[in-house]
Amino acid sequence: MPLAADPGRIVGILGGMGPAATADFYAKLVRATPARTDQEHLRTLIWSDPTIPDRTGALLHGGVDPTPLLLAGALLLRAGGAAVIAVPCNTAHAFIPRIAGEVGIPFVHMIEETVLGIRARHPHARRIGLLSTTGTQASLLYDEALRRHGFVPLAPTPETQEARVMAGITRVKAGIVDAQTRALIAGAADELVDAGAELVIAGCTELPIALEGAQLRAPVVDPTQALAEAVVRVIQREP
Numbered sequence: 000m001p002l003a004a005d006p007g008r009i010v011g012i013l014g015g016m017g018p019a020a021t022a023d024f025y026a027k028l029v030r031a032t033p034a035r036t037d038q039e040h041l042r043t044l045i046w047s048d049p050t051i052p053d054r055t056g057a058l059l060h061g062g063v064d065p066t067p068l069l070l071a072g073a074l075l076l077r078a079g080g081a082a083v084i085a086v087p088c089n090t091a092h093a094f095i096p097r098i099a100g101e102v103g104i105p106f107v108h109m110i111e112e113t114v115l116g117i118r119a120r121h122p123h124a125r126r127i128g129l130l131s132t133t134g135t136q137a138s139l140l141y142d143e144a145l146r147r148h149g150f151v152p153l154a155p156t157p158e159t160q161e162a163r164v165m166a167g168i169t170r171v172k173a174g175i176v177d178a179q180t181r182a183l184i185a186g187a188a189d190e191l192v193d194a195g196a197e198l199v200i201a202g203c204t205e206l207p208i209a210l211e212g213a214q215l216r217a218p219v220v221d222p223t224q225a226l227a228e229a230v231v232r233v234i235q236r237e238p
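Quick note on numbering that gives the first Met the number 0: the sequence shown kicks off at 0 and runs consecutively.
Keep in mind the hints are simulated off the structure, nothing from the lab. Model, not experiment: these values are computed from the prediction. There are no misleading hints in this set.
SDA-like, lysine to any residue: derived pairs with alpha carbons at most 25 Å apart:
id, residue 1, residue 2
1, 27, 177
2, 172, 49
3, 27, 116
4, 27, 121
5, 27, 115
6, 172, 18
7, 27, 170
8, 27, 108
9, 172, 15
10, 27, 182
11, 27, 218
12, 172, 213
13, 172, 68
14, 172, 30
15, 172, 161
16, 27, 47
17, 27, 9
18, 172, 186
19, 27, 8
20, 27, 165
21, 172, 224
22, 27, 82
23, 172, 19
24, 172, 154
25, 172, 67
26, 27, 224
27, 172, 47
28, 172, 137
29, 27, 175
30, 172, 71
31, 27, 215
32, 27, 235
33, 172, 70
34, 172, 139
35, 172, 57
36, 172, 48
37, 172, 62
38, 27, 43
Please model the complete structure; the sequences and the hints are all you need to start from.
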């Protein structure tokens, strides 16, 4: 059923981590919205701040804390009338608990929605491979959510994590989305399948961009898509 425009229901997107991932999320949000006309699409406020410090650097190496700029962006969205906030960056979810209370409006949680989607669509799967930033791996965001729902998470080897996954993510952030980038990430996914993964989560918002059009040996779960679909459900459900 199409959504009717609701002046009281604005979706806030806290993005810029990175800009291409934010654009990819918005495109998926548009496609996920059951609209027949411009007027039936969601009212959306996008704050894309690429100056937010690197999340993995902060988590692993004592880098600059991104929390102040995440909070500032979220408060800006709230001031603009956002009723809910989506953050199309997996690693940034490690910092959301630090700001959620001060923001005072709900965040749609990308990691939880991704895992709930796996449980609904792949009820017989058990061993789930995870491709993500090293910061997301270290924060255990996905590991804890997957185990809570009865799944067994599988991670790349440290060598593959740096040489393939992080190298591929870095290339996408630099605007290099080509056969080499795709081969790096696809190779990491294949290693997880060889280790027993029945599904692979593309758990960094640059990864679905890198894998577009790739032929892999196991289904790939796209958290960016899961977040877009969840935002639409939240807007439809809440008055």
